[in-house]
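Student: Below, each chain spelled out in residue letters.
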Amino acid sequence: MGGKRKKSDREGIIAGGEEDVHNNRKEDEKKKRGQQLLPSMIKNKEKRSAVHAKLKHQKKLEKHKKAKARDAAEKRALELGEEPPPKKIPHTIENTREFDETVCKPDDEELFAGNDADEFCSILKREHTPKILITTCRFNSTRGPAFISELLSVIPNAHYYKRGTYDLKKIVEYAKNKDFTSIIVVHSNRREPDAILIIGLPDGPTAHFKLSRLVLRKDIKNHGNPTGHKPELVLTNFTTRLGHRIGRLIQSLFPQDPNFHGRRVATFHNQRDFIFFRHHRYIFERKESKQGDSKGKKGRDTTEEKSSQEKVVARLQECGPRFTLKLINLQHGTFDTKGGEYEWVHKPEMDTSRRRFFL
Amino acid sequence: MQHDEIIWQVIRHNHCSFMAKITTGNFCRNPYNVTGICNRSSCPLANSRYATIRDHDGIFYLYMKTIERAHMPNKLWERVKLPRNYEKALEIIDKHLMYWPKFLVHKTKQRLTKMTQMRIRMRKLALKTREKIMTTPRKEKKREARREEKAEKAAVLDKSIEKELLERLKRGVYGDIYNYPVKEYNKVLDMEGLQAASEDEDEEEPEIEYVEGYEELEEEDDMEDFGGLAIGEPQLDDYTVGVDEDDDDETIAVDRKRVRKDSALAQRKLEKDELGAKSRKKTRVLVEVEHEDTDKRQTVVQ
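Line by line, the protein sequences give chains A and B. The letter at position 140 of the first sequence is residue 140 when you use UniProt numbering, and the numbering goes up by one with no holes. The letter at position 64 of the second sequence is residue 64 when you use UniProt numbering, and the numbering goes up by one with no holes.
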């Protein structure tokens, strides 16, 4: 009982000058001893919640004070004409990403050598033009054909073949004979496509992706219609070696000589291991702000940002499907679940850390 | 024989743990049952003389029980291995169950037929590839969905795409497609002096990014540049001025990489000028020959 009373004294619920001094001393003592009294150590719920609320309030006040001080300092600096104090960068998940030693470095000889010798180099060096075979899983869904027709419009030189009940390994052989460079298998579950298997040929790796958030072209507002020009490719944020490999795999699906007149761009953006796919038509425009003089041609201009008045902006019109991919596993060699060697497999135990990403 | 009737009455009227009641009828789950239905004549417990067929690892065995062994449950069932051949198996059944009641013989043979058919079908199916259904726990599915949504918000896709496109425009990947009027061009010339300093910096960085294609991986990781190993490499200028576009990308790429590190500085200076020139004037010499794709267009423009 005595102990309990002391605790309540220490918490300082009863605010009083003496008590505060008393508290501070006691807290200092405690800190010296190396312990800190957390609210969670108090067993009594009412007292605990009261202490917690007080702590929170204190923190809030401190934060408020800091923000005010910061603003005041900035203002003062600007008035005086000096440099404002440097702004702090907020922590984001991308900022605080766990260190990954497989992140590609800019001057990695091994990487270049690997690239020269890997399975995609022949396509990426433009020796062959990519030719894609698209097919589905065995028992197909109703939503499938729409997605497939959109895929066909996105990827140039792609052909759709019905699946029948052929074995995937036989399909791989057939495609090799017909000189295809990759196979895409769209797998559906419950009448919706939910996985994509990209197999590089002749002995390229097999990547298995989970497909989600599929939005078809007709469901997009103000969608545009893609033309037949070869699209440009934008692949962003593939940092690690694995990501790099996947990036090259995706790159090998598209022809390496984009037609810039067509103004079509296909984007694969990796964020936290999710690859977002978007398909746009773009236009560059010169945007005039306040001063309305010299209205240049409103059209395509290459003038850079000369002054703050005229800016070149890119406007995008979305066309084509939109979906996200997540890599499930990457297998070396063509499709062979039993005998193949897996380069990377996703295991649920890899998800334990929220700051750890693999692509 | 005397006990059979009692056993049956007890089982049927009170409780038999092997009996399974379904809407269509009563079934017997006893593994030794020959028909599978809960019947007075099909119950292996209530018949002291009984025969059945069971399969083990794809081999069929004929099991028989007689009343002489009823007091020795350990040795109750006599087992005979049946050959793979269906006709021979039938003959063997006939031989063993020669003076047995017709009902049992008939049912045993029926069972053998059914089981052989099943065996054939299972073997055929095993040859085909079957898809294996993997399930993910609900918790994980939800977690993935949540993370995906947050990732999508974190990746402001439209902005990043626009930024990337503008960067490419600045770098000159599009070359001369986007024409601009002469007035602007003059303006730019005037501004050039003012902005030489800042622009130099601007152009150095993209160069650095370019030059080692992979540096970008850290920042914004534009993959297209690695693609042809030709797109977006300013140093091509040095090599391809006056050179056909049909040159091997490989050799150029390789050379570029080797040379790059040696004379990076010198080349950078060269390129700065060239890039600077290129970005302004389309009337200058065919400087922007960086990209195989745009080359074809640009050699026309002089």
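Be careful, since some hints might not be right.
Said to hold, decoys possible - Label pairs and their in silico Cβ distance ranges:
(1) ARG191/A with ALA70/B: 53 to 61 Å
(2) ILE120/B with ASN259/A: 52 to 60 Å
(3) GLU343/A with ASN74/B: 50 to 58 Å
(4) TYR342/A with PRO137/B: 18 to 26 Å
(5) ARG355/A with GLN117/B: 55 to 63 Å
Unchecked claim - With a Cα cut of at most 25 Å, we get these calculated DSS-like pairs of lysine-lysine:
(6) LYS81/B with LYS107/B
(7) LYS132/B with LYS210/A
(8) LYS326/A with LYS159/B
(9) LYS169/A with LYS114/B
(10) LYS311/A with LYS150/B
(11) LYS347/A with LYS81/B
(12) LYS163/B with LYS162/A
(13) LYS153/B with LYS326/A
(14) LYS153/B with LYS87/A
(15) LYS107/B with LYS287/A
(16) LYS128/B with LYS176/A
It should be emphasised that the hints constitute simulated quantities derived from the structure, not laboratory data. Ideal Cβ placement from N, Cα and C applies to all residues, glycine included.
Student: Going through the earlier hints one by one, which of them does the structure break, listed in rising order?
Tutor: 9, 10, 11, 12 and 15
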